[in-house]
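Got chain A; can you put chain B on it based on the hints?
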Amino acid sequence: MLLRHTTKEIKERKALTVNPAKTCQPIGAMYAALGIHNCLPHSHGSQGCCAYHRSTLTRHYKEPVMAGTSSFTEGASVFGGQANLVQAIDTIFTVYDPDVIAVHTTCLSETIGEDIPQIAKKADADGKIPRGKFVIHANTPSYVGTHVTGFANMTKAMVDYFAESNGRKIDQINIIPGYVEPSDMEEIKRIVSELGIKSVMFPDTSNVLNRPQTGRFDMFPKGGVTVEALKSAGDSRATIALGRLASGPAARALDSKCKVSCEILDLPIGLAATDAFVDTLRKIGGVSVPESINTERGRMLDIITDMHQYFYGKKVGLVGDPDQLISLAEFLVSIDMWPVYIVTGTQGKKFESRIKEITRDVPHEVKVVSGGDMFLFHQWVKNEPVDLMMGNTYLKYISRDEDIPFVRFGFPILDRVGHSYFPTVGYRGGMRLLEKILDALLDRKDRDSAEESFELVL
Amino acid sequence: MSTGASVIFQERKDQILRKGQGGFDMNCNRESLAGAVSQRACVFCGSRVVLYPIADALHLVHGPIGCAAYTWDIRGALSSGPALHRLSFSTDLQEKDIIFGGEEKLYRALTELIDRHSPKAAFVYSTCIVGIIGDDLEAVCRKVAAEKGIPVLPVQSEGFKGNKREGYGAACKAMFRLMGSGDISSIPPLSLNILGDFNLAGEIWIIREYFDRMGIQTVANITGDGRVEDLQRAHGAALNVVQCSGATMELAKMMKESFGTPFLRVSYFGVEDMSESLYQIARFFETKDPGIMERTKELVKTELTKLYPRLQEFRRELAGKKAAIYVGGAFKAFSLVKAFRLLGMQVVLVGSQTGTEEDYKQLYEITDEGTIIVDDSNPLELSSFLKEKDVDVFVGGVKERPIAYKLGVGFCDHNHERKQPLEGFVGMLNFAREIHSSVMSPVWRFVPRRKAR
Numbered sequence: 002m003l004l005r006h007t008t009k010e011i012k013e014r015k016a017l018t019v020n021p022a023k024t025c026q027p028i029g030a031m032y033a034a035l036g037i038h039n040c041l042p043h044s045h046g047s048q049g050c051c052a053y054h055r056s057t058l059t060r061h062y063k064e065p066v067m068a069g070t071s072s073f074t075e076g077a078s079v080f081g082g083q084a085n086l087v088q089a090i091d092t093i094f095t096v097y098d099p100d101v102i103a104v105h106t107t108c109l110s111e112t113i114g115e116d117i118p119q120i121a122k123k124a125d126a127d128g129k130i131p132r133g134k135f136v137i138h139a140n141t142p143s144y145v146g147t148h149v150t151g152f153a154n155m156t157k158a159m160v161d162y163f164a165e166s167n168g169r170k171i172d173q174i175n176i177i178p179g180y181v182e183p184s185d186m187e188e189i190k191r192i193v194s195e196l197g198i199k200s201v202m203f204p205d206t207s208n209v210l211n212r213p214q215t216g217r218f219d220m221f222p223k224g225g226v227t228v229e230a231l232k233s234a235g236d237s238r239a240t241i242a243l244g245r246l247a248s249g250p251a252a253r254a255l256d257s258k259c260k261v262s263c264e265i266l267d268l269p270i271g272l273a274a275t276d277a278f279v280d281t282l283r284k285i286g287g288v289s290v291p292e293s294i295n296t297e298r299g300r301m302l303d304i305i306t307d308m309h310q311y312f313y314g315k316k317v318g319l320v321g322d323p324d325q326l327i328s329l330a331e332f333l334v335s336i337d338m339w340p341v342y343i344v345t346g347t348q349g350k351k352f353e354s355r356i357k358e359i360t361r362d363v364p365h366e367v368k369v370v371s372g373g374d375m376f377l378f379h380q381w382v383k384n385e386p387v388d389l390m391m392g393n394t395y396l397k398y399i400s401r402d403e404d405i406p407f408v409r410f411g412f413p414i415l416d417r418v419g420h421s422y423f424p425t426v427g428y429r430g431g432m433r434l435l436e437k438i439l440d441a442l443l444d445r446k447d448r449d450s451a452e453e454s455f456e457l458v459l
Numbered sequence: 129m130s131t132g133a134s135v136i137f138q139e140r141k142d143q144i145l146r147k148g149q150g151g152f153d154m155n156c157n158r159e160s161l162a163g164a165v166s167q168r169a170c171v172f173c174g175s176r177v178v179l180y181p182i183a184d185a186l187h188l189v190h191g192p193i194g195c196a197a198y199t200w201d202i203r204g205a206l207s208s209g210p211a212l213h214r215l216s217f218s219t220d221l222q223e224k225d226i227i228f229g230g231e232e233k234l235y236r237a238l239t240e241l242i243d244r245h246s247p248k249a250a251f252v253y254s255t256c257i258v259g260i261i262g263d264d265l266e267a268v269c270r271k272v273a274a275e276k277g278i279p280v281l282p283v284q285s286e287g288f289k290g291n292k293r294e295g296y297g298a299a300c301k302a303m304f305r306l307m308g309s310g311d312i313s314s315i316p317p318l319s320l321n322i323l324g325d326f327n328l329a330g331e332i333w334i335i336r337e338y339f340d341r342m343g344i345q346t347v348a349n350i351t352g353d354g355r356v357e358d359l360q361r362a363h364g365a366a367l368n369v370v371q372c373s374g375a376t377m378e379l380a381k382m383m384k385e386s387f388g389t390p391f392l393r394v395s396y397f398g399v400e401d402m403s404e405s406l407y408q409i410a411r412f413f414e415t416k417d418p419g420i421m422e423r424t425k426e427l428v429k430t431e432l433t434k435l436y437p438r439l440q441e442f443r444r445e446l447a448g449k450k451a452a453i454y455v456g457g458a459f460k461a462f463s464l465v466k467a468f469r470l471l472g473m474q475v476v477l478v479g480s481q482t483g484t485e486e487d488y489k490q491l492y493e494i495t496d497e498g499t500i501i502v503d504d505s506n507p508l509e510l511s512s513f514l515k516e517k518d519v520d521v522f523v524g525g526v527k528e529r530p531i532a533y534k535l536g537v538g539f540c541d542h543n544h545e546r547k548q549p550l551e552g553f554v555g556m557l558n559f560a561r562e563i564h565s566s567v568m569s570p571v572w573r574f575v576p577r578r579k580a581r
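Sequence lines, in order, name chains A and B. Quick note: the first sequence uses my numbering, first residue 2, plus one each step. Quick note: the second sequence uses my numbering, first residue 129, plus one each step.
Excised from the complex, chain A in its bound form (with noise of 0.2 Å):
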């Protein structure tokens, strides 16, 4: 019992995390500012915090994750770290010569006050910003939030420092994909173009972080936005964000700052949430479903009327981040599996109250919470156990010690393979995902079925 120090026993807990699901801003800043093609990544910061971010998305993605650091030192914790990022800008360019630096803040830099575009502003005075390159930040503070506002910062900042309207309208929209795998934004990206209209997606990590053996290190990967569609997104014809908490914020300061008109839906998740956002599509562009996402549909809803007696009732434990819990919370439903514990370490006043409206319907009690960890959620299933639990890695030591089935979900996944290339989002995402569900429930069938009753055909 690798977690045997979990009590049963649930008292309130004030003054302490115990094993987060969540973990802080800078990481998702990162993430994102990969999305941007030639784009190095800026922690300003100590060294550990990029050590870490880098540490973590390489074992999510088994890919090189490139960053530079301001590496703060004693003396630029007292007088400012002015001097470590101006030479870090000028050591970038000179040497790694990308097209933007993204930088992001860390929890030390913001208690110490550092002002990044004064900095910037600096750097370029003296001449170390060569033209048509770019620095541009975003504020992640580790104290504030969780990595999904990280995330959504920095995809934020992307708007606040490239979007420009010309005042001509380009026949395209954009799209905000949310804090999702590179193989979801593939995903999304092909639906749309499926769809036959044009778009812009930022930030863009397909290519990034999931790119073939070429037998070539490269420092900066054929994926990732480019500048000039960033630039361009200031006159697409509307903005489709997808993700309230990780997407929200981009799509409305587009809106403000360069009036393309958004609309903010869940993340593609299942059944109804991807009809939600094939159906938008189809109103923005103009344009009729083609008879190949119908398909997708019907495959997907095939699998679902086969299977459906096994989904049946099932008792689910998710822990998470917002986004994604409330299309999957809501995906379970659609199937009458019960999400009964949801968690998520990201604070939010309506994810309650929006996941207590999906689960309206389910005939059992539902507990969730933001702002919960992990050792909250094992106590829940201590007192009453789950059939399925979906979430990043660590839910595998609870899975373990419980004995129940477990799908991976989310992040971060270290210890297999897939997610970054096999989406879960739209038609076809929705049929892995029950997929997977399907092969936990039924291995697991058939682990425990009694000799007597083990059976060929379920």
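As a list, the in silico BS3-like pairs of lysine-lysine whose alpha-carbon atoms are at most 27 Å apart: (1) B:Lys224 x A:Lys15; (2) A:Lys63 x B:Lys449; (3) B:Lys271 x A:Lys12; (4) B:Lys489 x B:Lys381; (5) B:Lys276 x A:Lys15; (6) B:Lys224 x A:Lys350; (7) A:Lys63 x B:Lys515; (8) B:Lys271 x A:Lys15; (9) B:Lys547 x A:Lys63; (10) A:Lys223 x B:Lys515; (11) A:Lys351 x B:Lys224; (12) B:Lys248 x A:Lys9; (13) A:Lys12 x B:Lys248; (14) B:Lys248 x A:Lys383; (15) A:Lys397 x B:Lys547; (16) B:Lys276 x A:Lys9; (17) A:Lys12 x B:Lys276; (18) A:Lys260 x A:Lys284.
Derived CB-CB ranges, DEER-like: (19) B:Arg443 x A:Asp402: 38 to 46 Å; (20) A:Val418 x B:Thr415: 53 to 61 Å; (21) B:Ile227 x A:Asp127: 27 to 35 Å; (22) A:Lys15 x B:Thr415: 53 to 61 Å; (23) B:Pro316 x A:Ala84: 55 to 63 Å; (24) A:Asp416 x B:Gly148: 40 to 48 Å; (25) A:Lys232 x B:Gly448: 48 to 56 Å; (26) A:Lys12 x B:Asp264: 21 to 29 Å; (27) B:Gly448 x A:Leu302: 57 to 65 Å; (28) B:Glu400 x A:Leu3: 31 to 39 Å; (29) B:Lys416 x A:Asp402: 45 to 53 Å.
Partial pick of chain B residues on the chain A-facing surface, computed with a CB cut under 7 Å: (30) Phe172; (31) Phe217; (32) Gly536; (33) Val575.
Since the hints were made in silico from the structure, they are not lab data. Bear in mind that the values here come from a model prediction, so they are computed numbers and not experimental data. Glycine residues also receive a C-beta, built at the ideal position from the N, C-alpha and C atoms.
Frame of chain A; chain B shown alone:
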């Protein structure tokens, strides 16, 4: 890109050596160039990796959530008993704590945790932010220690105070405060503490078994599979054996000064260093127990007889292949160079994040002509060296692995993510097998690098 690469070499040229081109001149142990994609980490990271294997202690990270989240059970340090170290505890500081201070929160968190888990001691890690807002960690720890009757030790590991090495120092200082309080009356004259082994993949159990066979009692594991009570008795051991250059040397020095405990530098990697380490220890105890050398020779002989024939099988295929090494501390690199030699392989690149001048001098002496020696390197440099030297296998840590793989080069994690014990005689065999499995993998036949030939 090629011009870029040459520029960074210019900036860092005195941190890169090519043996045979000019004499030894290495400007290491300096701060990283801001903006360079350094592979280094921070003070907190250093403290955390050293202390975390102490399994019956509470490890509370005082700071925003990230520092605790990223270090949650990352090291694979195994415990034979309690596993409190595998949970992640954080005060999860929020904006209002930054403004009003986090002492009260820390006090409450500590009190609650000690009540719930009854740990033998508590380590409280300071992070960057704590250093800035000026929480008095020392005072809170003292108060809780008095109230709860267990040692509560502040670890002064603010991230910005240097690199990992300073973190090792902070960890050593914290551990040292535990020492001197335990009952040492039952400790025999043939006894030692194991310093600088973190029981990755169960390695310390292998080493302890060797010491058992030599007739030496291990008092404290520092820190793999570590226990607070053992640390409290550690001053009663006759000898400290220290592996891992940076991590625990400072503790050995403090113990020597305060308790007179002598220490030996050892390494359990590779046949040569493993044997020599055991002999060194045997020589130390020979006056107390003249039979110990005989027993040690017997041990080494038995192990080598088992090992050699199996090693030869790997050697046959690996001979002549080229290896690159980039590790955290340089001390490990010495053993690796020798271990590769035993496999008939050539080390063409060797470097570390935090080596000292002395370390690099020693590396310079034991490596072949033409070998590149590098301090605080970065992905761009490493990848260009790997290509230049046409390396077959790269030994490194988590951030280096995908770089090797992208280039189509084999890899062996000799850091937190090792899955097989690499220490001891059996470890040499595992190492050979792991190197063989990667170097000889059929996958390299398909990658473009090899195809191009």
